[in-house]
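One line per chain: the protein sequences are A and B, in this order. Numbers 1 to 201, taken from this note's numbering, label the letters of the first sequence in order. Numbers 1 to 373, taken from this note's numbering, label the letters of the second sequence in order.
FYI, nobody ran anything at the bench for these hints, they're computed from the structure. Hints should not be assumed to be uniformly reliable.
Stated by the list, open to error - Footprint (simulated), chain A over chain B, 3 or more residues, beta carbon under 8 Å:
hint	stretch
1	251 to 265
2	269 to 278
3	282 to 294
4	300 to 311
Stated by the list, open to error - Simulated restraints on C-beta separations:
hint	chain 1	residue 1	chain 2	residue 2	range
5	B	Ser136	A	Leu150	41 to 47 Å
6	B	Ala246	A	Pro31	52 to 58 Å
7	B	Ala246	A	Ser200	18 to 24 Å
8	B	Thr332	A	Ile178	40 to 46 Å
9	B	Cys223	A	Ser51	43 to 49 Å
10	A	Pro83	B	Leu52	53 to 59 Å
11	B	Ala38	A	Gln123	42 to 48 Å
12	A	Thr153	B	Gly173	54 to 60 Å
Quick reminder that beta carbons are idealized off the backbone N, C-alpha and C, glycines included.
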Amino acid sequence: MRIPGVEVRPLVKLTGEGGFNQVIFTNARIPADALLGREGQGWELATATLSFERGASEGSAGASGMGGVGIGELIGLLRSAPPELRGDGAVRDRFAALAIEATALRFNAARVRVPGLTADRPQALPLMAKLTGTEHAQRLADFGIELSGLHATLWHDTATPGSGEWAHSYFNTYAGTIAGGTSEILRNVLGEKVLGLPKSR
Amino acid sequence: MSVRLRYEEEHVLLRDEARRWLEGHVTPAELRRLANDARGDDPACWQQLGALGWAGLVVPEKCGGAGFGAVHLTVLAEESGRKLLPAPLLATLLAAKLIELAGNAAQRERWLPRIASGAAIATVAHVEASGAWGMSATTCVLDGARVSGAKTRVWAALTARLFVVPVRERSSGALRIAVVEASTDLVTAEAERALDPSRRQGRVRFENAACDVLAGDAEAAWCAWLPWAQTALAAEMAGGADAALAMTTAYAQTRVQFERPIGAFQAIKHPLVNVLIALEQLRSLVYAAASALDAGGAEAALLARMAKAAASEAYPFACSRAVQFHGGYGFTEDCDAHLYLRRALASRPAFGDAREQRAAVASALLDAGAELP
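With the rest of the complex left out, here is chain A (with noise of 0.2 Å):
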């Protein structure tokens, strides 16, 4: 990383937290012992990669363990709610949706793992796992901005401990939901490899 040539520039994430960076290569050389695999195999090698990275390798659950993140923390902020939020029909009905979607993910998890269940479409449940987890967790997240009312304008106000915390964690979802194949490159996927569909070039 420090041959002449290469140049190291930092991004700065929405929720203004850095940890990702443009790397610029100008005429950078490097040795010929450097080159892995075969000169040509680059696009082979990437999605190899990737496919470590999406779950889509045999028995995986996929990268995400987002089933179940978040889902626990909602429970402990509507038990705790007054009661005019946790009784309001609306507010429970969103939040059995989601409790229900979590508990499903995680079966999800579990069912991969036992082959009777998955023979008709075996490469359905790791394919959807990053997917369906990183919207799960957008979704939920929402919520959570929704139920804080007003703190929702907060970002970490020192008067208003917590405040921006659901926001914090809403606007890292999208690195869910657009990083490791994005949601809508992975319903390309899920329908041309798990329900044969043409592809749409």
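Since the structure of chain A is provided, determine the placement of chain B on it from the hints.
Okay, now just chain B, sitting in the frame of chain A:
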């Protein structure tokens, strides 16, 4: 998460056997024939289901059944739903289960063998004219050993030999469960014109009809039974949703418009993937609920509600996309999509619709301090 998914070789064998038999015996032509038939199901077919041991699938072995559990029931229900089996199989299986849970040993031996052999179609008559369906909503009255009152939307009302009815004892006000034989003229059944021709239903009136009052704690039995009903129906709905998805996917692969199969367009592809996602979550919940029931776990009731909620959303959704994506053809009676849509819509409210289930899930988690399964 303490529930362990159970699915063994024996379940695979049942699935394969059921799938094969149903594929061969429930053809689209047969479905249509029975849809237009006055009775709505084929007695010869029912005899075969009895001979296969399916009517007695979950009846204890010493009462002539196979003695299988909830996962087996789920497997059979899923396969039968896939083909829209136009036979009162689910009704009979669930009625037998309620008798088993609410009756004493002598009563189980009296009623279950006839059901297991296929000799008696049975059904639980629990829905009131008002649409209320819970046990405590019953307006049927028990006087001594006689039942009076009416129930509506009873599955297989006209072909059932046995009705299992929640009743309220006049003298004590206690809730009981009674078995009433259809053979007397004190029990009259009238067909209802139903949305779903593949699952016939009717109104039943009891006029001082003799009954066998099941000896056990009725409310406890009902509470133990409801998760079986919800899980089995959710499984049946999962099978149907799968069939709707499969038929639409096949159509999208072959129907060509704008010089390519329509499935190439993301407006078709992405919603079908959303159907797939909903279906897979439904199946996970169904098998979790069934495994919990077999393990006798406390989470079974909550999981069954979750499964039914998921089914009530996923099945109508799958069928809605099936009709829509079959285009003009989907709008006609000729397309099978609407047969599944009718089954989906009629199944959606049974044993509690999605809204009702979600309310119960919220209560369990927020008010009763239950753990997420």
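Here is what the structure says about each hint:
Counting residues of the stretch 251 to 265 of chain B whose CB lies closer than 8 Å to any CB of chain A gives 7, which reaches the minimum of 3, so the coverage claim holds. With 7 residues carrying a beta carbon less than 8 Å from a beta carbon of chain A, the stretch 269 to 278 of chain B meets the three-residue requirement, and the given coverage holds. Proximity of the stretch 282 to 294 of chain B to chain A, defined as three or more residues with a beta carbon under 8 Å from a beta carbon of that chain, is established by the 6 residues found. A stretch counts as covered by a chain when three or more of its residues have a beta carbon under 8 Å from one of that chain; for the stretch 300 to 311 of chain B and chain A the count is 4, and the coverage holds.
For the pair Ser136(B) and Leu150(A), the supplied restraint of 41 to 47 Å holds, since their beta-carbon distance comes to about 42 Å. Under the hint 52 to 58 Å, the C-beta atoms of Ala246(B) and Pro31(A), about 54 Å apart, fit the expected range. The given range of 18 to 24 Å is respected by Ala246(B) and Ser200(A), whose C-beta atoms sit roughly 21 Å from each other. One distance hint, 40 to 46 Å for the beta-carbon pair Thr332(B) and Ile178(A), holds here, with the actual separation near 42 Å.
For Cys223(B) and Ser51(A), the hinted distance range of 43 to 49 Å is satisfied, since their beta carbons lie about 47 Å from each other. Taken as a hint, the range 53 to 59 Å holds for the pair Pro83(A) and Leu52(B), whose Cβ atoms sit roughly 54 Å apart. Remark: the range hint 42 to 48 Å for Ala38(B) to Gln123(A) is upheld by a beta-carbon distance near 46 Å. For the hinted restraint 54 to 60 Å between Thr153(A) and Gly173(B), the CB-CB distance of approximately 55 Å keeps it satisfied.
In summary, this structure violates none of the numbered hints.
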